[in-house]
Amino acid sequence: MTSIQRPSVHHDENRPANDNNARVPEVLSVLDLIPSPDDNEIAEIVRRTERLAMVLVIGMAICLVVAPAVYLTLTYSSY
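In full-length UniProt numbering, the protein residues as written are 1 to 79.
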């Protein structure tokens, strides 16, 4: 009876355990399933989102300053 050599399933068997250059398995993401015909469209959407976020943060900062001023004005204006 002869033994048949099978190819190794694990290609990295002979590599040391602390090898920093080991192959990283390809990570599949749900985002890979979304077709993206044009990267420029995605970049434009991101730019618009960033601008909207900045406007919202500035608006919230203004409200945090103006709201107490209006409250104090309305509270102490009757004197």
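Derived from the structure by calculation, the hints contain no laboratory data.
Quick caveat: nothing in here was measured; it's all calculated off a predicted structure.
Take these hints with a grain of salt, some might be off.
[Claimed, not checked] FRET-style restraints, in silico, Cβ to Cβ:
| hint | residue 1 | residue 2 | range |
| --- | --- | --- | --- |
| 1 | Leu-74 | Glu-41 | 28 to 36 Å |
| 2 | Asp-38 | Pro-68 | 45 to 53 Å |
| 3 | Leu-28 | Thr-75 | 56 to 64 Å |
| 4 | Asp-38 | Leu-72 | 46 to 54 Å |
| 5 | Thr-75 | Leu-31 | 32 to 40 Å |
Every residue, glycine too, gets a C-beta built ideally from N, C-alpha and C.
With 46 to 54 Å as the target window, see if Asp-38 and Leu-72 comply at their CB atoms.
holds, 52 Å
When you take the CB atoms of Leu-28 and Thr-75, is the distance between them in 56 to 64 Å?
Distance hint for Leu-28, Thr-75 holds at roughly 59 Å.
Consistency of beta-carbon spacing, Leu-31 to Thr-75, with hint 32 to 40 Å
For Thr-75 and Leu-31 the Cβ distance comes to about 51 Å; the hint is violated.
C-beta pair Leu-74, Glu-41: status relative to the range 28 to 36 Å that was hinted
violated, 48 Å
Verdict for Asp-38, Pro-68 (Cβ pair) under range 45 to 53 Å
Holds, since Asp-38 and Pro-68 (Cβ atoms, about 46 Å apart) stay within the stated range.
Comparing the model with each numbered hint stated earlier shows that hints 1, 5 do not hold.
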